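**Q** So that you can map any letter, position 4 of the sequence shown is 93 in this note's numbering, and since no number is skipped, the others follow by simple counting.
It is worth saying that the hints were derived from the structure and are not from the lab.
Some hints here could point you the wrong way.
As the list claims (entries may be wrong) - For lysine-lysine, the following DSS-like pairs were computed, each having C-alpha atoms within a straight-line distance of at most 27 angstroms: (1) K104 with K256; (2) K289 with K239; (3) K239 with K256; (4) K283 with K257; (5) K306 with K289; (6) K289 with K263; (7) K283 with K121; (8) K218 with K257; (9) K306 with K263; (10) K296 with K263; (11) K257 with K104; (12) K283 with K239; (13) K256 with K218.
Predicted model, so just to flag it, every value in this text is computed and none were measured.
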Amino acid sequence: MAKKATYIDYSSAPKSLSDEPFYNLILDDYQKEFRDAIWNPEKLIVFCNAVSGTGKTTIATATANLLCRYGLYDGIVYIVSNYGEAKQGYLPGDITQKSEVYFEPFYQALQTIGVNTNTVFVDNINNLKNGTAYIECLTHTFLRGTNFDKKVIILDEAQNYSVADLKKTLTRCKDSCKVIVIGHNLQCDLSDSKSSGFVKYMDWFSKDSRCAVCELKENYRGWISSHADRL
């Protein structure tokens, strides 16, 4: 198969989000840097290593939504690792229902930026008929053989992906995608934290100019969350 050049036309979108309302969110300098890295057309993949409560999922979701609103990408695919699948199997329902608990941070982020979650998901036949569907939520389990093209991919809680699972997920993405990988290296829930692929892939991609690596510093949930995170 011939290799096709990848080009995303940003001419219809603002070059910067600095003067945009950005859903009325007030950002600190680190959060602005993360937002701007995602918006940068030269960055195909953006990693964010940040403590809890820093707004990484909200900022990733908000910027991804703007990329779609300006017609730069065809939709958002939110992917998480079902790291507790042994326990997940005991939850009631089919695989979609079992996975709902993993998608809650994304649902909350969408609600924060004012997205009507009743109309945007592709797993709802009415949304597809109405032409309002552009968002999909997945776990990495059944991605083998899938291709992602012209999508904004958000890999959340990436510290809970093994090296093999993160490789399986990232190799599904064409260069027409914008990939956002967010997590925190000190919040790994895997039984063996050394098996996490998050830092390994962050270091691997950081050597290329098409990658950006960001950090967020401030936990905005408050003293309880911040104090607990420091132990």
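**Q** Take the hints in turn and mark each one as holding or not.
**A** Hint check:
no. : hint           : in the structure
1   : K104 with K256 : violated (31 angstroms)
2   : K289 with K239 : holds (25 angstroms)
3   : K239 with K256 : holds (19 angstroms)
4   : K283 with K257 : holds (18 angstroms)
5   : K306 with K289 : holds (21 angstroms)
6   : K289 with K263 : holds (21 angstroms)
7   : K283 with K121 : violated (31 angstroms)
8   : K218 with K257 : violated (31 angstroms)
9   : K306 with K263 : violated (31 angstroms)
10  : K296 with K263 : holds (19 angstroms)
11  : K257 with K104 : violated (33 angstroms)
12  : K283 with K239 : violated (32 angstroms)
13  : K256 with K218 : violated (34 angstroms)
When the structure is compared with the earlier hints, violations turn up for hints 1, 7, 8, 9, 11, 12, 13 and for no others.
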